[in-house]
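Could you fit the two chains together into a complex? Lean on the hints.
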Amino acid sequence: MTNDEKTKTKKGNLKLCELCKSRKQAIKRPKNLQKICKECFYHVFETEIHQTIVSNNLFFPGEKVAIGASGGKDSTVLAYVLKLLNERYNYGLELVLLSIDEGIVGYRDDSLATVQRNKIQYNLPLEIVSYRDLYNWTMDEIVSCAGIRNSCTYCGVLRRQALDRGAAKLGINHVVTGHNADDMAETVLMNILRGDLARLENSTTICTKSSGSPIKRSKPFKYIYQKEIVLYAHYKKLDYFSTECTYAPEAFRGTARVLMKNLEKIRSSCITDIIYSGENLVLKEKKKRQQFKKKQNANGSKEPTEVEIRNDGSISLGKHGFKDGNRCTRCGYLSSNTICKACMLLEGLEKSKAKIMLENDGVTDGAAKLTRTLESLTF
Amino acid sequence: MPTCQRCEEPAVLTSRKQPFCKDCFIKFIRGKQRKVVQSLNIKDKIVDVLVPISFDLSNTSYVSFNNAIVLLDILINFSKSLYKSYFKITMLFLVTAESSANIKSFYTTLKERYQFTNIDIKILDLMAFIRNNESLYNINVHNNRATSFPSVHKFESFEDYISSITNTSTREDLLFNIHWTVIKIFAYLHNFPTVLYSNSMGNIATKILSNIVKGKGIEISQILEESQTLEIADDEKKQFSFQAFYPLKDVLNTEIFQYIKLLNLTDLLPSDLQRQYEIINDEETGSNNKILNVKTATLNQLINEYFNDLEKNGYSTIVSTVVSTGSKLAIPKGELKECPLCGFKMPGGASKWLDHITVNSPCEDGESPSPSSSENHNPQLSGNPLDICYGCLVSFDTAGEKFSWPIAEPVSMSEKEILNEYIISDDDDE
Ligand SMILES: [Zn+2]
Ligand SMILES: [Zn+2]
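Residue numbers (our numbering), protein chains in the order written: chain U, 1 to 379; chain W, 1001 to 1430.
To be clear, the hints were calculated from the coordinates, so they are not data collected in a lab.
Careful, some of the hints might be misleading.
[Stated by the list, open to error] Label-pair ranges, simulated between beta-carbon atoms:
1) U:286 to W:1018: 25 to 35 Å
2) U:24 to W:1355: 21 to 31 Å
3) U:47 to W:1193: 53 to 63 Å
Even for Gly, the Cβ is constructed at its ideal location relative to N, Cα and C.
Here chain W stands alone, though its shape is the one from the complex (with noise of 0.2 Å):
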């Protein structure tokens, strides 16, 4: 057993191509956060910190489950002891049916297991975001090509409307960008100065390059810009300001299961997710051992595994380029509009971009064409043209005819009624 470098106890794990013992690993990655608590400028306030968390027990929200405990554990731990000053955290989960009773549960685990009292905890049913029919427009795109109509589906559930689209890979993006969006309103209508994102270096790497693969390489510097705006109708101020980190960024998977493991935080997992950790997690390296099959991937999870096969070859040097590559991109100067679809900034013109590398015509010499060829190359489509980005021309080609997405303009009064009507629990009632 090789010895830990820091301290010569013998060594429970190797990182980095290091050997830590347990104390000096749970430093060693606590010690990564300093920066961004640091530049929280927090000395003798309190500062309020809304930590999303998606759960909806797929396999997206195990990750993003296990990444908040940690961020979790991490900020309660500064909170409490370095820094003499504290937080005050608002955990906010994004659920998409009735699975409150496990997080409550989680909720009172984690006030036991800490004795710590300023943590609230607030759950969001995402059917809020697509409740108010009257906005909802029904999206279709053909021949890069986008119109919007309103729309005549009732959907049932939020599961009845994600389940309208059949290609994963886009029901994915579809899902990121209502996530963005939510946790964005929310923060807005509960005055949140600053929003932490529990994503590891993984995770972000993982975004980085699905967004270039996708077309979406603009979004970029969006998502990762520390000051973050949303445009507000009836607002005074017409925008509202919050700063977003991503204090993982720095830890790389394999920490974040290390980490779990020697602070046995998996007792804090709600019990159908402890299961989903067993089954995934290797005991030896922590990471997810399963074989992806390249027919019924995602996009995302490809290009994760891609980054998780580096990691697990010591070649986590490249996880951590192309997240400092990623955080030197910046938006283009010139003129931006936002996207109706994902709410991010983009030059426009993307489906005549798309009209110039691909021709849609017929070869019109040799053999006549037949009477039926000119009316069909384009056919007319229903609705009004709406001037999307390329990622979601791109994506949502194969939405599929009942893609339906509330095109409003910046958030108005009545969404903010329904979101907060759809807040199921509040600290209120604890």
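So here's chain U without its partners, still in its complex pose (with noise of 0.2 Å):
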């Protein structure tokens, strides 16, 4: 290598920053093997997100934005550097940290108690909502009634709700969420696995609305590479809860995570190739595509018509179209049925808790079976 050469003869034994070339060399970054050292480390990774911000438009000034805090690491980088860029780069927003209580023992008790912390270090409001408050369930009540299985699809939808509710309780529009480059480029490649064409061409939006919804979400780590983002945390010395949700991800995402990774090792850029790869997916006209679906149909295929939940945890509302100012007849919240989405699935927890002796089949729908398949699936 003729640039390690170069950066060798300066100071002796000494290896440069590849960037500044007068610093000591300290991180190989991940994105794309380059050595440099920490100082140019922040300043590219602060800056790849500045310019993904404003290249995006992501905020306006004097907009109130909720950082959607779990006590993670993603958000809890997420929290630090938007409060740097604020006030780096004059954004003029109103930065407010908005936790969502699952009501997960040990997992969810630890990660509140480091946002309650990150609340003082980085001097941010902090607001929490708890599923016993918006649905009278903790998601421990929920596994217990509706399996471990279906934990996923039940925090996702619940989740999504809760940050939206939360946000609105605050008279806040905009919810920025910490999903990574690693977090799209999954996505990306389960909507293919899953052949989600409701999803394919939007699977690396940067910014999401439920039709109907006021609540705008985004995602400033689009582009980031979550070993960056584990990097930053480290150096920077950040505290963050490491622990992963106790409910792990089914299985045949895990799957397909192994792959990425695998893939990532022989070729670092292929998280960012993917994002691009997926920024340029179009499906052909509709026309053409319905007559194919018939057919698929007909051989009993699977048509993906239940609870589609996206990676971010959102959910699709299906493309029966919403009518607006519908409002959920249980709750009040936006919802394009007369029931919306979380309360469906906690009515079905309830009817399910009283025949809880019977044995417990979840739903069983297209989607909900295929993606039960996909679950059992290990190797």
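Right, dumping it as structure tokens:
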């Protein structure tokens, strides 16, 4: 490597940063394997996020923004960096930490303690909304009733609504989450593997909005590698809670994750590359596709219709369109149906709680069945 | 032993969770081709089809050969019986060395076995592709920018050319680009209206996912498109169009193996590949038993193994889902141009996109930067800037300094001559 030699000869054996050529190499950037110093790493990490924010017009001056804070590394780094950039570049944002207490003993107790500390460390207001308050169920209760297998389904729907409801309660229309490039790439792969046409074209959208909901969601870490977030948190000595959710992801997602890790070992850019592909995926016009669909249905094939959970926990409302202004008759939350998704799930839970002695079989429509088939898959 | 679900005979194998006897399985596989054959709209006329086969004795050529003999068997059987109409099949062997003796013997065996005369053979040395040194350019990719200048390297052989690229995943991409381009040019030169690729469902799923992974998602629809075109420089029509089909796109890798086994098609394989067949395949499942080393594998190999694992574990529906998803993709609207390296349509601006998400400047506060810092973060590149697609930009970043590519205007007369010169064997000499 000619570059290496160049940086080596400067100060004897000391290898110098490939960017500034003046400080000691400290980090091999997971994104492009560049060997750089700590200062340059902070610089590129923060500037890349800033560029993403600016080029996508994520914020406007004076906007109130809620940071979905779980106490995990992604959202902790997000809170830290957003506060930093807000001051450095005068975004003029009013930042608030918004936490959801799902009621998972052990996991959430500790992570909420972390968020409480973050509140003090970053001097940001904190709002905690609990499942108990919102739904009258804790996640532990849900799992004991619906089974661990469905936990991500429930958590995905309920958490999204919780963040939106929490934000609405505070009069905030914009929630930012710590979803990173790895999450994005995984979503693209999962949508391809599951043949999820409804979501394929928008797998990598940086801003999403449930139809009818006033709450906008965005992902400033869209292009940031998970590994770099870990490195940043480590070197900045940020205070975060590192345990994964005790309810592990479904097995099929797991196999795609392993594949992606292996691919990344061969070509470090492939997470970015997948996102680039995702941004350029376009479906053929509907007419042709509908003919195809008919054929598929005749074969008894799957057509996801029920609960559709995105990787970021958001749900899709299906293709039936959304009638604006409709509200859930149970909870008053915006919904295209008479009962919103969360209430539907919870109602199902109430029923199965009554029949708890019977074998719990969960939802049995096509999509759920396919998901279940995929879930049992490990190799 | 379970019985065949279709005829109650004893089953000899299970595929897609269904027990099959030999005859019903063969019928099942052949039946999958009916749609393609019908779409060729053959009534009473002879249809000229080109069946390309990569043949360089590599692992992928083994797959290509296996698939091709299954496709040939199916086509010949259709031609001889079912539709009272027939194909004129031309096998196009893409070779990288003098392996033509093997191929000739395969051709003789094939004709004897089927007693079928409407089949020709062409052998094309891939060296033809890089022969024209005037159009050979050195491609340099650095800091998300590509430049080109006339190549100073002389390549002795195709192997010499290919081995100048050390990154195996990049080499894989390069080989695909060459095969894809050469087949199109060949179809044009010999005026083939129809090209039949012998890729299986597993191969196509691998191609789809690997394109996604390599930042080439935009190519998927272009590869699977039934109507293909080639820009021609000195042809009045300016464009050559042909149909491209993947008749085996509904056939699983394990089914290809079973089909070969049940009909003893291994007898057709050249001896080298026969040996490879014995080593690689598991008698029971027909699947590849080698365990990939993650560190030395290529991207395609990893993805291929992923799909093979799915198939082996009874999740072939995922493989077919990926293929059907791929077939629903379209080329994005808006202004597109052709990538000078891979020839696929691209939106352009890949370098800019990368610049936007990757900062390449140093941190300037704190310690004062050393005087060399400004000169270094954008080293001057020689040659002309070349706007290539995102996938090529990423892939050829690791191609090394000798990497060259014939950047030509659309197919020209000189290439025509060269390709003809490099056709080793024609049906004429039979
Ligand atoms: Zn530096
Ligand atoms: Zn290209």
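Against the structure, the hints come out as follows:
1. About 33 Å separates the C-beta atoms of residue 286 of chain U and residue 1018 of chain W, a value consistent with the hinted range of 25 to 35 Å.
2. Checking the proposed 21 to 31 Å range against residue 24 of chain U and residue 1355 of chain W shows it holds: the Cβ atoms sit about 26 Å from each other.
3. For residue 47 of chain U paired with residue 1193 of chain W, a C-beta distance near 54 Å keeps the hint of 53 to 63 Å intact.
In summary, this structure violates none of the numbered hints.
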